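Trainee: Residues per chain, in single letters:
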Amino acid sequence: MNMHAKPIARVRAINWNRVQDDKDLEVWNRLTSNFWLPEKVPLSNDIPSWGTLKPEEQQLTIRVFTGLTLLDTIQNGVGAVRLMADAQTPHEEAVLSNISFMEAVHARSYSSIFSTLCLTPDVDDAYRWSEENEFLQRKAMLIMQQYDSGDSLKKKVASVFLESFLFYSGFYLPMYWSSRAKLTNTADLIRLIIKDEAVHGYYIGYKFQREVERLNEAEKQEIKDFAFDFLLELYDNEARYTEDLYDSVGLSEDVKKFLHYNANKALMNLGYEALFPPEACKVNAAILSALSPNADENHDFFSGSGSSYVIGKAISTEDEDWDF
Amino acid sequence: MSGLVYYSSTSGNTHRFVERLGVGGVRLPVDAASEPPVMDEPFVLVLPTYGSGDGKGAVPKPVIRFLNVANNRDLIRGVIAAGNTNFGTGYCLAGNIVSQKCAVPLLYRFELLGTDEDVTNVRQGLERFWTRSH
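Protein sequences, first through last, are from chains A and B.
Everything in the first sequence is counted per this note's numbering, starting at 1 for the first residue and increasing by one.
Everything in the second sequence is counted per this note's numbering, starting at 325 for the first residue and increasing by one.
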């Protein structure tokens, strides 16, 4: 046997001063400047507010957060790690390692909420519930199947759907409480997670699109068909998960609008057109406002009467190099 | 109708939105080191929002370079911004910043690639806008 026939591939050190894809550096900078830990948020200020929730509302909240923890656990330990195997550049791998770590921070955050607000037996019950709930388990299983598929495109589709769509049946609830001036510090923490997920979905969707560009037309159509079919399969399960959680408080239909809205955004992250029609995506104004305080203000010129317009509000932050 | 100028990074999101509008448009160089174009007719600027919501770096550098040209600043008439509500108060912040700095209206905001509804709203809005301004 000729030991020299196959030279061992050289191991190369990452060079951030020679970046093949500028997006890697841009997203790295964005993610690292976003870095946060749950200790930054004064969760204990929510203790009085937690006490005003009815027992069934507390149970719902703990369950919702346990469900989110499960998804973050997958994304930290499996999702981002499996994507690393397909990284085209060492910089992409480094960005994915940041994404993986932040998912661990997210998962850890829910435990901070629990230890601050909740009784241990109630939390233990919710963890048991998360292992037994068929819809939560099915959603995890559907995602894991794709992560195990070995297909770099399908893995990315699954990852974007998890980060840009599947979290939102859970994110709805803290936004709902926040709109009612309840658990507002918890909502602040969730908003940090929501920002991170937006960057993750954008970046992995961007890498997906670059990979799809290299396919022929038939292959492009095939992965697109897969993405839409998979979304609908996840949606079908997600609608039931939503009903299972929220029917008791009468919020299921409201949550579903939020799901449609975010499913469209997940598709857009992959470069695809929206699927759910505008009327199905009219998110409750209070929820949208809890997410983004000025998003539904009718202050853009084309949507308003056109008779007057508002020049954007004064912004204190500026780039130094605006020199006029 | 008058012009449209837009910035789109290598992701091409804003580029595709402008393509769907079907009214043409001048794309700013992706590379901040490149010379920005100098406009000779009024235009509306379409741009995505960068950064993470705290405002720093929200306006892409090539857009800043473009607007640092006095002539371009004289001719900008409005701004349309893309963003993501996930960024909270940072949603479409680049549009607010340009609107304020250049004293022009924020005409429209949309998320990510924009929906078909957004494309229709902007196309019709621009038509009305230019008709009224001339």
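By construction, these hints were calculated from the structure, which means they are not laboratory data.
Since the model is a prediction, treat every value here as computed from it, not as a measurement.
Wrong hints could be hidden among the right ones.
[As the list claims (entries may be wrong)] Below 20 Å or equal to it, Euclidean Cα-Cα: the simulated EDC-like pairs (lysine to aspartate or glutamate) are:
no.	chain 1	residue 1	chain 2	residue 2
1	A	K154	A	E233
2	A	K282	B	E441
3	B	K380	A	E233
[As the list claims (entries may be wrong)] Rough simulated footprint, nothing fancy, chain A against chain B, three-plus residues with beta-carbon under 8 Å:
no.	region
4	328 to 335
5	358 to 368
6	424 to 431
7	434 to 447
Yeah, the Cβ is synthetic: ideal placement off N, Cα and C, and Gly gets one too.
Trainee: Are the Cα positions of A/K154 and A/E233 separated by 20 Å at most?
Mentor: Holds - the C-alpha atoms of A/E233 and A/K154 are around 14 Å apart, at most 20 Å.
Trainee: Using C-beta distances, would you say chain A covers the region 424 to 431 of chain B, given that this needs three or more residues below 8 Å?
Mentor: With 7 residues in contact (Cβ-Cβ under 8 Å with chain A), the coverage given for the region 424 to 431 of chain B holds.
Trainee: Holds or violated: A/K282 and B/E441, Cα atoms, limit 20 Å.
Mentor: holds, 13 Å
Trainee: Does the region 434 to 447 of chain B contain three or more residues whose Cβ lies closer than 8 Å to a Cβ of chain A?
Mentor: holds (count 8)
Trainee: Confirm or reject the coverage of the region 328 to 335 of chain B by chain A under the rule of 3 or more residues with a beta carbon closer than 8 Å to the chain's beta carbons.
Mentor: Answer holds; 3 residues pass the 8 Å Cβ test.
Trainee: Are the Cα atoms of B/K380 and A/E233 separated by 20 Å or less?
Mentor: Answer violated: B/K380 to A/E233 is near 39 Å, above 20 Å.
Trainee: Taking beta carbons only, do three or more residues of the region 358 to 368 of chain B come closer than 8 Å to chain A?
Mentor: Result for this restraint: violated, n = 0.
Hint compliance for this structure: hints 3, 5 are not met, and every other hint is.
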